[in-house]
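Engineer: Using the sequences and the accompanying hints, generate a full structural model.
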Amino acid sequence: MKNRQDTVLVIPCSGVGKVHGLVSREAAYLAAEELALGKTDIVCLALLVKGDEETLAKVQAHPCITIDGCGKACAQKNVEIAGGEVATAFQVAKTLSRHRGTQPGTGSELTEDGWLVAREIAEAVADEAERRAGGNEVAR
Amino acid sequence: MTVETDKTIKVGIISCSGEELAVGTISRSAVRRVLEVLRPHDAVTLCLPLFLAGNEGERNFARTHPTITVDGCDKQCARFGTERHGGPVARSLVVSEILADRSTACSRSLRGRTQTDEDATAIVAARIAGEIDSLMSDGARPELEEDLSADVCACMKSVATGAVIVKGRSVEIPALAYIFSDCARQGLQPGDAAGSALLEKAKVFHYIPPEEEDDYAAALNEAYREYLGG
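So the protein sequences, as listed, match chains B and C. Mapped onto our numbering, the consecutive letters of the first sequence carry residue numbers 1 to 140. Mapped onto our numbering, the consecutive letters of the second sequence carry residue numbers 1 to 230.
Hints in this document: simulated from the structure, not taken from any laboratory. Hints are not guaranteed to be accurate.
[Said to hold, decoys possible] Mimicking EDC-like on lysine to aspartate or glutamate, the simulated pairs with C-alpha atoms at most 20 Å apart in a straight line are:
id: 1; chain 1: B; residue 1: Lys39; chain 2: C; residue 2: Glu172
id: 2; chain 1: B; residue 1: Lys94; chain 2: C; residue 2: Glu200
id: 3; chain 1: B; residue 1: Lys94; chain 2: C; residue 2: Glu20
id: 4; chain 1: B; residue 1: Lys18; chain 2: C; residue 2: Glu211
id: 5; chain 1: B; residue 1: Lys94; chain 2: C; residue 2: Glu212
[Stated by the list, open to error] Under 7 Å between C-beta atoms, here's a sample of chain B residues computed to sit facing chain C:
id: 6; residue: Val16
id: 7; residue: Cys44
id: 8; residue: Ala46
id: 9; residue: Lys50
id: 10; residue: Arg100
Backbone N, C-alpha and C fix where the C-beta goes; we use that ideal spot for every residue, glycine too.
Structural biologist: So this is what it looks like as structure tokens:
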């Protein structure tokens, strides 16, 4: 076993069909560019899907946090298929279910509610990244 | 139950939506604009990662739709991913080639969006719309007949919508016909087990509040009984 006190990769699904994908994408940017700046990095899920060797190596070398829009869990599944470690898997749909009546927007635009949900997920991502960076987790 | 089915041939568009680069964001935004504004009746989409995470039905996308891939950069993940898992594409576009240096000031996140991003998105969207028009005028047809029973994501194509009565109110549920036909294919009979199975499938396509799951399961069960002719 080795300690993995390194950068955490954040991988959203970015699903194009619904608002859930946009929330996942913007949550990832909030985490990587603001809340967990320097502790997290984003990789293209499409590159992973394509089988890009550099991306595969990166995913296999760092803990990953996936943010999926729906239960299809494309980001989580693709990281697992690539042999990566999914440290935590978030699903926007589950977060939305805790905010009954919320209108997060569309696949193109987020409402104020949508941004709040994205930030809630980003904060959870940042917490997990912080926990990892603090060496509180030992890789299996 | 009411069911509407759209079997019109549409052009499929798949964006890379790459998260690392601003051109990935433009690919996603441009595809959304085409679907919502420019050619809402002529195009459908599928999330690229579904090709690997999904099943055979999802991987048939490029064979059931004349497909345009929209990639942010020259790595062309959407194009090559689609071709590897779903077959040849009809057109492949690369945002960085279309925009050249006009993409350098664009933002990855919508939080940083400016007029530059809007202009870039408009240019790419117009190009996609032009390619759709070209394919439609060429009489593009898919290789295979559309398989309505395929287990595909709701965002992939128009789905047959049905209504069920939940606590006295009519609720529209996307893909209800597919849900019922899939359960029937598995030999499920109306009852508690079918109610649970129907509920889980319906939740993929429609948000169901946790506190109303029992009501939805009962409503779905009843509609499924009618569907089977009972």
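Engineer: State for each hint whether it applies.
Structural biologist: Going down the list of hints, with the structure as the test:
| no. | hint | verdict |
| --- | --- | --- |
| 1 | B:Lys39 with C:Glu172 | violated (44 Å) |
| 2 | B:Lys94 with C:Glu200 | holds (14 Å) |
| 3 | B:Lys94 with C:Glu20 | violated (25 Å) |
| 4 | B:Lys18 with C:Glu211 | violated (24 Å) |
| 5 | B:Lys94 with C:Glu212 | holds (15 Å) |
| 6 | Val16 | holds (5 Å) |
| 7 | Cys44 | holds (4 Å) |
| 8 | Ala46 | holds (4 Å) |
| 9 | Lys50 | holds (4 Å) |
| 10 | Arg100 | holds (6 Å) |
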